[in-house]
Amino acid sequence: MARSSRQKEKLLYLQKIMLQKTDEQHALTINEIKDQLAEYGIQTERKALYDDLRILEAYGLDICHTRTNTTKYYVGSRDFELPELKLLVDAIQSSKFITHSKSLRLIRKLEGLVSENEGRQLQREVYVTNRVKTLNEHIYYNVDEIFNAISGNRQITFRYMKWEVSFGGRQKIIKTERRPGKLYRVSPWALCWDDENYYLVAYDPGAGIIKHYRVDKMESITVTDQPRSGMELFDSFNLAHYTKSVFSMFGGEECEVKLSVANELVGVIVDRFGSDVYIVKETDHSFIVTVKVVLSPQFYAWLFGFGLKVKLLTPKRAVDEYKSRIAELYGLFYG
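With the numbering used here as the guide, the letters of the sequence shown map in order to residues 15 to 349.
For the record, the hints were derived by calculation from the structure and aren't laboratory data. A few of these clues could be false.
Quick list of simulated restraints, FRET-style, between CB atoms [unchecked claim]:
#1 315 to 254: 17 to 27 Å
#2 69 to 98: 24 to 34 Å
#3 102 to 162: 19 to 29 Å
#4 269 to 346: 22 to 32 Å
#5 247 to 335: 48 to 58 Å
#6 161 to 72: 35 to 45 Å
#7 74 to 269: 49 to 59 Å
#8 110 to 57: 46 to 56 Å
#9 83 to 134: 36 to 46 Å
#10 134 to 245: 25 to 35 Å
#11 192 to 20: 58 to 68 Å
Treat the numbers as computed from the prediction; the structure is a model and nothing was measured. The beta-carbon is built from N, C-alpha and C at its ideal position, and this holds for glycine as well.
Input sequences plus hints: build the corresponding full structure.
If you want it as structure tokens, here you go:
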């Protein structure tokens, strides 16, 4: 009876062995496959194994074989190719919003999508270790709740946190509520990944405007019974344009600015605003471009980083504020 039971499981274990142990560089002979099955307590004959491999191939598993001195079998194509999984691993490693421990668990799961030998090529935890990662282990549940609210067309409430320095006793950095004792209530419409952080883009019915929130700073998310509002704003909302204009997702006034840019920095403009921006020749060495941005400290810091190679021309209020910030910095060192 036990033998019969194990025989019924044979195809399942055979598939497991082929997926885990074989790839184009690591094939197994029929005898080696028999030995692998024996480790699971399953005995079989060579002829039966040929039939089993054909069944798996008919089922959809890409069973390939090579012929040299002996015939060897391996799984060829899979749902994910190794280069694709390497891209996913790199994305996980570079994502600040994914915690260190969750990064390692996700990579382990990705390893299971290829053979054991190929999986070892995905084990590059040293890069994860040296990354700055979020401390919020619940971000995945946050994202799930937000998606539930979006699909269910419901508002959410949550507590929004911030980091502060505490000088009571020993100095330390602590997380506190931005509005102690008060819940935020918004209509969630989209999630986006910008500047290595995950953000919720939502409509704030109290303020009547679109706002964004760092998902890793959201806690105690609750899906309410209230339907979402603000649909009229999101009917024409372009998330891609929004993330281009908001530097580091820092809030502020959105407006059109005109920049004078050195020709050598055209790639910087394309990276930031896309290749569909309209440029006009200014001199043999520079061009004029008009783009929409949110006026914020991050935008001015971005400008400042290019020195004389990028000049802010209009609007006047933005130019005046930029000059004021530069003057403040000058006064900090030379005032």
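Notebook entry, point to check: Does 36 to 46 Å hold as the CB distance between residue 83 and residue 134, or does it fail?
Noted result: Since the Cβ atoms of residue 83 and residue 134 sit about 27 Å apart, the hinted range of 36 to 46 Å is violated.
Next item on the list: For residue 69 and residue 98, compare the CB-CB distance with the range 24 to 34 Å and indicate the outcome.
Entry: Holds - the Cβ-Cβ distance for residue 69 and residue 98, about 28 Å, lies within 24 to 34 Å.
Checklist line | Range hint compliance [Cβ, residue 102 to residue 162, 19 to 29 Å] | finding: For residue 162 against residue 102, whose Cβ atoms are near 24 Å apart, the range 19 to 29 Å holds.
Next item on the list: State, for the Cβ atoms of residue 74 and residue 269, whether the hinted interval 49 to 59 Å holds or is violated.
Entry: Hint holds: Cβ distance 56 Å, inside 49 to 59 Å.
Check: Holds or violated: 58 to 68 Å for the Cβ distance of residue 192 and residue 20?
Finding: 60 Å, holds
Check: CB of residue 134 to CB of residue 245, is that within 25 to 35 Å?
Finding: 49 Å, violated
Item checked: residue 161 paired with residue 72, Cβ distance criterion 35 to 45 Å -> 38 Å, holds
Item checked: C-beta pair residue 110, residue 57: status relative to the range 46 to 56 Å that was hinted -> The hint (46 to 56 Å, Cβ to Cβ) holds, given that residue 110 and residue 57 are roughly 52 Å apart.
Check: Per the hint of 17 to 27 Å, is the separation of the Cβ atoms of residue 315 and residue 254 within bounds?
Finding: Holds: the Cβ-Cβ distance is about 23 Å, inside 17 to 27 Å.
Next item on the list: Please test the hint of 22 to 32 Å on the beta carbon pair from residue 269 and residue 346.
Entry: 27 Å, holds
Next item on the list: With respect to the beta-carbon atoms only, verify the hint that residue 247 and residue 335 lie 48 to 58 Å apart.
Entry: 27 Å, violated
Hints 5, 9 and 10 from the list above are not met by this structure, while the remaining hints are.
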